[in-house]
Structure formats: C-alpha cells, structure tokens
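Q: Could you build all of it, start to finish, from the sequences and the hints given here?
So the chains spell out like this:
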Amino acid sequence: MELLNAQTLAKLAGVKLRARAVVDGVLSGLHKSPHQGQSVEFAEHKEYAPGDEIRHLDWKAFGKFDKYYIKRFEHETNLHAILVLDGSASMGYQSAALSKLDVAKVLAGALAYLLVRQQDAAGLAVVTGERFQDLPARAAAGHLRIVLDELEGVGAHGTTDLFRAADHLAEKISRRSLVAVFSDLFDDRPEALKRIIHLRARKNDLAVFHIIDPAELSFPFDDPTLFLSMEDERRIEVNPREIKQSYLEEFNSFLKSVRATCAEADVDYELVRTDESLDAVLLRFLARRQERRR
Amino acid sequence: MTFAHPWMLLGALAALIPLLIHLFDRRRPRPHPFGAISFVLRSQRRTASRLRLKRLLLYLLRTTILIALPVALARPELKRNAQAATVTRGPAATSIILDASLSMRYADGGTTLFERGRQLARDALRDLLPDEPANLLICGPGAIAPSAPSFDRGQIRSNIDSARPTFGSSDMNRCLDLAGHSLEENPMPGKRLVLISALTANAFRLNIAPPTLQGPKGERIRPEVVVRDAAGGKQWLPNRAVVDLKIEPALQLGPRAFQFTFTVRNFSPEPVRDLEASLKLGGQVVAKGFLDIPANGASQKTLSYRFSSGGVFPGEVAISADNLTADDRRPFVVAVPKELRALIVNGEPSTVRYRDEAFFVEAALSAPGSPVRATTKDAEAAFHDSFDQYELILLLNASAPTPEVSRRLVEFVNRGGGLLISLGDHVEPDLYNQRLVEILPMPLRMVKTAVDPEEADTEKKAAKLGKIATEHPIFSLFTGRAREGLMSARFYKYMLLEPGPGGSAAHNTEVLATFEDGAPAVAVTRRGQGRVLLYTSTVDRDWSDFPIRTGFLPSMQRFSAFLSGSLEEREEVKARVGDSISLLSPAHETIASVRAPSGAMLPLRPQEDGHVSAGPAEEPGVHQVQDSSGRPLPELTFAAVLDPSESDLTRIKPEELAAFFGEDAVKDSGLEGTHRRLPFWSWLIAAAAVAFFFEGVLLRK
Numbered sequence: 001m002e003l004l005n006a007q008t009l010a011k012l013a014g015v016k017l018r019a020r021a022v023v024d025g026v027l028s029g030l031h032k033s034p035h036q037g038q039s040v041e042f043a044e045h046k047e048y049a050p051g052d053e054i055r056h057l058d059w060k061a062f063g064k065f066d067k068y069y070i071k072r073f074e075h076e077t078n079l080h081a082i083l084v085l086d087g088s089a090s091m092g093y094q095s096a097a098l099s100k101l102d103v104a105k106v107l108a109g110a111l112a113y114l115l116v117r118q119q120d121a122a123g124l125a126v127v128t129g130e131r132f133q134d135l136p137a138r139a140a141a142g143h144l145r146i147v148l149d150e151l152e153g154v155g156a157h158g159t160t161d162l163f164r165a166a167d168h169l170a171e172k173i174s175r176r177s178l179v180a181v182f183s184d185l186f187d188d189r190p191e192a193l194k195r196i197i198h199l200r201a202r203k204n205d206l207a208v209f210h211i212i213d214p215a216e217l218s219f220p221f222d223d224p225t226l227f228l229s230m231e232d233e234r235r236i237e238v239n240p241r242e243i244k245q246s247y248l249e250e251f252n253s254f255l256k257s258v259r260a261t262c263a264e265a266d267v268d269y270e271l272v273r274t275d276e277s278l279d280a281v282l283l284r285f286l287a288r289r290q291e292r293r294r
Numbered sequence: 001m002t003f004a005h006p007w008m009l010l011g012a013l014a015a016l017i018p019l020l021i022h023l024f025d026r027r028r029p030r031p032h033p034f035g036a037i038s039f040v041l042r043s044q045r046r047t048a049s050r051l052r053l054k055r056l057l058l059y060l061l062r063t064t065i066l067i068a069l070p071v072a073l074a075r076p077e078l079k080r081n082a083q084a085a086t087v088t089r090g091p092a093a094t095s096i097i098l099d100a101s102l103s104m105r106y107a108d109g110g111t112t113l114f115e116r117g118r119q120l121a122r123d124a125l126r127d128l129l130p131d132e133p134a135n136l137l138i139c140g141p142g143a144i145a146p147s148a149p150s151f152d153r154g155q156i157r158s159n160i161d162s163a164r165p166t167f168g169s170s171d172m173n174r175c176l177d178l179a180g181h182s183l184e185e186n187p188m189p190g191k192r193l194v195l196i197s198a199l200t201a202n203a204f205r206l207n208i209a210p211p212t213l214q215g216p217k218g219e220r221i222r223p224e225v226v227v228r229d230a231a232g233g234k235q236w237l238p239n240r241a242v243v244d245l246k247i248e249p250a251l252q253l254g255p256r257a258f259q260f261t262f263t264v265r266n267f268s269p270e271p272v273r274d275l276e277a278s279l280k281l282g283g284q285v286v287a288k289g290f291l292d293i294p295a296n297g298a299s300q301k302t303l304s305y306r307f308s309s310g311g312v313f314p315g316e317v318a319i320s321a322d323n324l325t326a327d328d329r330r331p332f333v334v335a336v337p338k339e340l341r342a343l344i345v346n347g348e349p350s351t352v353r354y355r356d357e358a359f360f361v362e363a364a365l366s367a368p369g370s371p372v373r374a375t376t377k378d379a380e381a382a383f384h385d386s387f388d389q390y391e392l393i394l395l396l397n398a399s400a401p402t403p404e405v406s407r408r409l410v411e412f413v414n415r416g417g418g419l420l421i422s423l424g425d426h427v428e429p430d431l432y433n434q435r436l437v438e439i440l441p442m443p444l445r446m447v448k449t450a451v452d453p454e455e456a457d458t459e460k461k462a463a464k465l466g467k468i469a470t471e472h473p474i475f476s477l478f479t480g481r482a483r484e485g486l487m488s489a490r491f492y493k494y495m496l497l498e499p500g501p502g503g504s505a506a507h508n509t510e511v512l513a514t515f516e517d518g519a520p521a522v523a524v525t526r527r528g529q530g531r532v533l534l535y536t537s538t539v540d541r542d543w544s545d546f547p548i549r550t551g552f553l554p555s556m557q558r559f560s561a562f563l564s565g566s567l568e569e570r571e572e573v574k575a576r577v578g579d580s581i582s583l584l585s586p587a588h589e590t591i592a593s594v595r596a597p598s599g600a601m602l603p604l605r606p607q608e609d610g611h612v613s614a615g616p617a618e619e620p621g622v623h624q625v626q627d628s629s630g631r632p633l634p635e636l637t638f639a640a641v642l643d644p645s646e647s648d649l650t651r652i653k654p655e656e657l658a659a660f661f662g663e664d665a666v667k668d669s670g671l672e673g674t675h676r677r678l679p680f681w682s683w684l685i686a687a688a689a690v691a692f693f694f695e696g697v698l699l700r701k
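If you're matching them up, the sequences are chains A and B in order. If you're matching positions, the first sequence starts at 1 in our numbering and goes up one per residue. If you're matching positions, the second sequence starts at 1 in our numbering and goes up one per residue.
Hint data in this document are derived by calculation from the structure and do not stem from the laboratory. Be aware that one or more of the hints could be misleading.
In silico SDA-like cross-links for lysine to any residue, where the CA-CA straight-line distance does not exceed 20 angstroms [stated by the list, open to error]:
(1) B:54 to A:223
(2) A:244 to B:50
(3) B:338 to B:300
One-sided excerpt, in silico: chain A residues whose CB lies under 10 angstroms from chain B [said to hold, decoys possible]:
(4) 234
(5) 243
(6) 246
(7) 254
Ideal placement from N, C-alpha and C gives every residue a C-beta, glycine not left out.
A: Structure (structure tokens):
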C-alpha cells in the first residue's frame, strides 16, 4: 500500500495547517507560542539558573542589578504533533477497499507529511494492546520517512486499550502538542475516551479521527451469522435481520455519545468511513480547524 | 363436526414441519470476525426476550396456517340448532323409518323413547310438503318392506299410532335398504329417508355401503337422509342388564339343589353398588343378594335354591329395575329330577360287603346329589315284592326270574319303568332269552372270557371298551379327559349277545358302548313306555374292574336317570327373542299350541323330521306348550331370553353416522329443531389468512 499518493498530496498542497491558539513551535507567523525563546519581542526576565543558555544572559541587567538574568522573548514556534494510531485487532476489520487500520495509516501519514512540510514536528505513537511504541516528534524532513516507515509496519493485533494509551501519552508529552488519535474507539470501558480527552486539560490540542467501517455503520448482514470477536474469544450466533434495528440504535448511540463527549471537551472530532475519499476527510478536518482558529 | 374429505386431514401433519425444522436444522452459520461485536452482543441481550416472544408467535402462526389449511380442505362442517324448516331440498318421496327395537323401550323423562319416536314420526309427517308422498316402516326384527309412498296421511298416522316397540333388535341397514327400495318406483326425483331411532351403535353396521336406490335411469342414487334422535342427543343411555344365566346342580346342598349363576352388565360410565338381585320361582322371591358392578363392566352373582320335589319349574332371576326394564330379568325353566325309587335285585349277596354284587351299585346310587332311593333285596325277596312302588329295577347278576316274575317285569317296563340288567355267573343266557325276550335289548349268547383274573398279565390281556356313543345323553359326560374313566376299565369276562335284536320293538335298540372286539357292552332299548339297559359284564369285580374306576359312579347314575326318563331326557331348549324354536313332540303326544307370557299364541309349523317349529318368539319369558287336549307339556316348556347385545345402548357418534350416510346426503335434526350446518372450513381459511398476515407483520418488525 502506498500511504501518500500524488492525488492526495496535490489536494492538500494549498492548505496551511494552523494549530490552535496556544501551542509551542518555532515557525513564526503561523503559531503563537506562550513559551519563551529566540524572538524579536521581549517578554520577561528570569533569574539565571545553572543549565540556562549563557548566550541569553542580559548583561545590561547584570550591570544594573549585579545579578544574572536570562532574557525571555515571545516568538513564532513550530507545531508539535503526536499522531496516535490504534493498532488493535478490531482496526483490521475490512468490508470495503481499505481496512480501518489502512485508513488510519493513510490519514496519519498524510498529516505527518503536512506537518513536516510546513516545518512542524510530527511524532508517532502506536498502541497495540498493551504495547506502546512511539517516535518522538521532529520537524526534520528525514523524520517523515521514518514516520512513514513506522506506519507501514503497523499491524492489527491485540485489544483496544485507550486507557493505557492515554496514560502513556500523558507521560511522554512534555510540551503542548497536537494529539491526533486515529481509532475506532471500540474500548468497552466508558471512561477510556474521557481519559484520552483528559490530555486536552493539559493544554494539548486534541483531534479524534473516529474510523468506522461502513459495515459497522449499516450492519448489512442477512443470513444467520456467527460473529467472532477480533480481539478476544467472544462469539455469538444471531440472525442479523432480527437484531439489526437494535444494533443500529446501539451503534448510533455510541457515535452520538462520542461526538458529544468530544464537543464538550472542545476536541476536534472527525468521523471517517473507510469507503470515503480520504483527501476529502483531511480537507474537511483542516478547514474546520482553520475555521475555529478565526 | 364432520369432514367431507377426511383424508385431507393427513395434511395437518405438515404442522410438524416448523417443529422438525427447529429440532433438526443443523445448518452452520457463516463465521464472521467482526470488530463491533460488543454492539452485537448488547443488541442481542436487549432483544433476546422480545425475539423469543416473536419466534414463539411466529411458530404459532405458522403452525396455525399449516393446520388450518389442510383441515379447511377436509371441508369440516359444524352443526348448529336453528328453527329451520325440516325439509329444505325441495319435494321428495319420503319413507319414515321408526325404530321399534328393544332400545326404544328405554324410559326417559316420563315417557319412552318409542313414544317420543312416534311423536317425531308424526312431526315428520306433518312437515312434509303437500306434494310429497310418504310411507312408514316399523323397523323391528323381521321388518318387511313398506308399500309404495302414498298421499294417504291418515293411514300412515294410524299406522304410527298402532305401532308397538318390540323386544328384539333392529337391523337399521336392512330397514334403510327396504325403505329405499320402496321409493324407487316413485317418479319424483327427490328421495328422502327419515330415520327415527335411539341411534344405538349395535343397530348400525357402518362397515357396509350406505343405502342407495335405483334412479329413474337405472343409476344408483343416494337418498337424502334425515336423522332424528329419539334420545334427544343424550350422550349416554345408562342401562343394566342380566345378560347370562347358568344353572347347575348344587350337589353340596343336597339332591334337587341348584345354583343359578347370572351375569349382570353395567352399560354406563358410572359404577353400580349394592344392586339388588333376586331369584324368583312361581312369582315368589326365593333367594336374594346384592352385587357391585364397575363402570362399563360386568359382575356375576350366584344364588342357590333346593327344590322340595322334582319337576319342571319356570322362574326368573331379576335385578332392580332401571330405565329399560325388559332386560332386568332373565327367565328360565329348570328341570328338577324326581326322586327315583329303585329296587336292586342282588343276585349274589355276600356277607363280605365288597364282594356283594350290589355293593358298588349301592354306593354309586347313594352318592350325594343322587335322586335315587334304592332298596336292595336278594332275588327271592325282590321278586316277591310289588314292582309298582318302584320306578327302576336293577337286576344284578340275578338268576333268570320265573315266568310269572318275568311277566310282571315286562308289564313294569311297558308301563314306563326302567330296567337295568347286569350279568354275571348266575345269569343263564337261554332262560333269560326265553323269559325276558320281550324286553331284552338283544338276546344273550354266551360268556366270553378275555383272561382269567388269576393269570399273569391280566392288564394286557383283559378286554377294554372300544367305541362309546358320547353323543348319547348317557355318555355325553365322557368326553375329553373324562373319557379315560371308561377307557381305563378292564373286563375279564363279558356276555356276547346275539347280533339280531330280539322282541317285537327291536328297532328301538341302540348299542351305546362296545368292547374292542365289537361285542356290545351297553345296549339300551325302549319297550312300551319304559326303557331297558343291558350291561354285559358284572357290576362287582368278578368279571371286571370297572366298579373301581372313576367312570363307574357317574355311569350308574346316568344309567338310572336315563332309565327313569327323569333327567337327561329333557333337553334344554335355548330360545332367543326373534328366533323360531324347534320342538320335538313326546311319544304319543301332539304339540297343539305354544303360549307366550302375554297369552299370545306362537305360530306353529310342523317339520318333516317330526319337529315342530314355533315362533318366532316375540317376547321374553316362559312359553307354555300344550297338547291337543289343552294339557300342558311341561317337559317342552321353554324360556325365551333377550339378545344381550340389544341391552348395550352405547350411542353411535353423530359424526360416524354423518360419515356413513355422506356429508352431502345426511340432514341431522334434533328434538328442538333442525340443525343447520355451518361451513366451518371458511372460518379456517380466514384464520389461516389472518395468521399469514400477522406472520408477515412479525417478519417485518
């Protein structure tokens, strides 16, 4: 599978990704940063402490106060993005051309490409059951290849454990970041999504790409079917026609609940069907973010 | 409910299909790994109870469809009372058949079924259209074809009024055929049979073809049948009946004692307790008892009575009366043996009892239950005695009587006395032949010695009996294993007889038993009004060991009874109501009349073999036979009994009757009004359609 095809890249070329208001970064003009660094606009002084850069010492202040002060500035910064990919077995379900995992990879790869192209840092975190693999966020062009290679190697295994993923991310993310989650959110624990959203409380920007297979949305089965769980030993034999109505109600309720939870926490939420055009999904996502920024 | 095409009901087995599919469908569902299985599980949990209910409803609806359709195709019809006109099929020549069998005597609600049947017949006659001709058939035993249908309603009504129930059974099939044939000549296209009956099951034979009659063009057509139930639709007509009676001598109670064992059946679903049963003789109750009878079962009761004298006695056993009284009693005629005074002429008396010639005979004739009162005397004393005081004389190895005594003996026999002659060493054949020629069954010739009793191998060499006339009353007992009682006897000596009979009435002689060589052992003859039996060996153990064999005692008693003409001579006449009875006139007598209990005379028809056929008997009870001078002939008195099957009033099921006559031919009517038939099948079709609709609705939900 080719993660980024030329068509997708052409459509995304004119769109500038703007992070939300308060994120760290180094690209000026696009992202306002609350952090101090190399900039033209002075912000404050800070008493020197061992480890601070000697070159930021304010010698004039030393002359006045006989104390070492470090000069701090407001200046443009890069967006720091962590792409969180759910690699659980349920993501391997596929009734259309691409599985949910395939779609997640494409979307994550495309975002990584966009981020790196505009000098933003992109990192990757893959959650596969109890395993948590991550690549630190970097803005280097060479890093994009590493991210894409890493994405290429992700397979669908294990259970969906958003709980653990949230804990890992909270531990790993040391600065304000854009956290983009690509998952079907099929975690039976109702508080798992809230745990993810809790990252938002730590000043991170959070986007949820909810990837759903069309068969999961429409339940198009007719004959008696033995449904097997993709993550554990559960199985059930049902006549799909008999439970379709109930299933759709349950599933729509789930979607509604997820959407409501995200909206409540001011989290970008994007429902992605695996059979729809992925560039349209990205454009829709970016347009919405740009809209919110204004 | 009745069915026009009952075989279509087999289609209802299709109702098992949903169940069988459920039980045996082992289709494996397609496995499908599914990411959102949690939602499937939750949905299934949420809908499980609703689905179970839905499946149950679907099963019921589908089963309803699969049952309703074949049952509807079987064309069921319900009957419902309605005050509709009796006749709905247009004018028809009508034959009214009124059941006159015993069952119609059943009392119900202050009247009898027959009275009710008569009213129904009048109603049927009244309901006829003016242009409908009719006739009447009273269906009893020996029913005859009615005349052609006419418009003389007055005559038919008169015939209905004069009709009486019988004591016999009715063959409804025959009556229907007779009535049907009577309608054949009538030019009207419509033919109708109105059947008025108690509708008991035994009156119908449903395994034969229903009545048909010949149409105007020679084709077979089925008449319309209107069934009217004289019992008013009752499910049961409870009845108790004495269905059997066995009369046996009760030897343990002494001579002339009899036990009457009778069977009472309870034709009802309720058991009967403490039912009174009695034995009546001459109108007087002489014994009484009680018995319990289970539901639809039978019980036996034995009552005993000892008659004080011999003779022929009519009587009856009876139980407490119920709704059908005719079968609550069973008449009988019992012949009680008269006391026989016998003179035993002992030809070889002995002080040693067992060597006495008469020892074994005395013992046999004095056994309990024996009607014989014997007096034993030696020849000299006996021959000086008057023979008039005896009915029976036994000459046991007696020397030939003097001519005077011989003459008296011949007179004794001719007057009706019985004479038994047994032989022995004291018998001189020539003198016997000379003096008793008139009464000897066959002349004596000489003594044959089969073996000397003192020799070895007497058992093998001794003579045995060969042929025995077990068809004769004397030896009728000795059949089967009892025959061994005679065949085991060994005879060392016996008297050979001249082959030709002697005397003037020799043609009356019968040889009833012979030895193996064909020599007569027992010969009997009739002389005048008396009988003589000649036994060609001894009645002690001189010439034979027969006296110590088991056959000796009954043989002697039967010999005596035969000779006295008081026991076996009266053959029991078994007569059932509806049967003709064959009677044999006694010698020198002529049967002039047979009088039924009601006083009516039975028609008599002399037969070529000397018998007289009387009857048929039309009522149960004791029938008296009289000679031309009006003198009763008690030995011919007989009791006519009811056919026990007629007491079974089990009702035939209406659907069986409808199926027999054909759905489209039969019209059923009760006492309250005509039953209207409703096409129930259309309801079933509607039910199937509704079930089909709701099944579709359920499937869409």
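Q: If a hint holds in the structure, say so; if it doesn't, say that too.
A: Okay, the hints, checked on the actual structure:
Between residue 54 (chain B) and residue 223 (chain A) the alpha-carbon distance is near 18 angstroms, which keeps this suggested pair within the 20 angstroms criterion. Distance restraint check for residue 244 (chain A) and residue 50 (chain B): the Cα-Cα separation of roughly 13 angstroms lies within the 20 angstroms cut-off, and the hinted pair is therefore satisfied. With a C-alpha separation of about 29 angstroms, the suggested pairing of residue 338 (chain B) with residue 300 (chain B) is violated against the 20 angstroms cut-off. The restraint placing residue 234 (chain A) at the interface with chain B holds, with a minimum CB-CB distance near 6 angstroms, inside the 10 angstroms limit.
The interface hint given for residue 243 (chain A) is met, as the beta carbon of that residue sits about 4 angstroms from the closest beta carbon of chain B, less than 10 angstroms. With a cut of 10 angstroms, the hint placing residue 246 (chain A) at the interface with chain B holds, because the nearest CB-to-CB distance is about 4 angstroms. For residue 254 (chain A), the shortest C-beta to C-beta distance to chain B is roughly 7 angstroms, which falls under 10 angstroms, so the interface hint holds.
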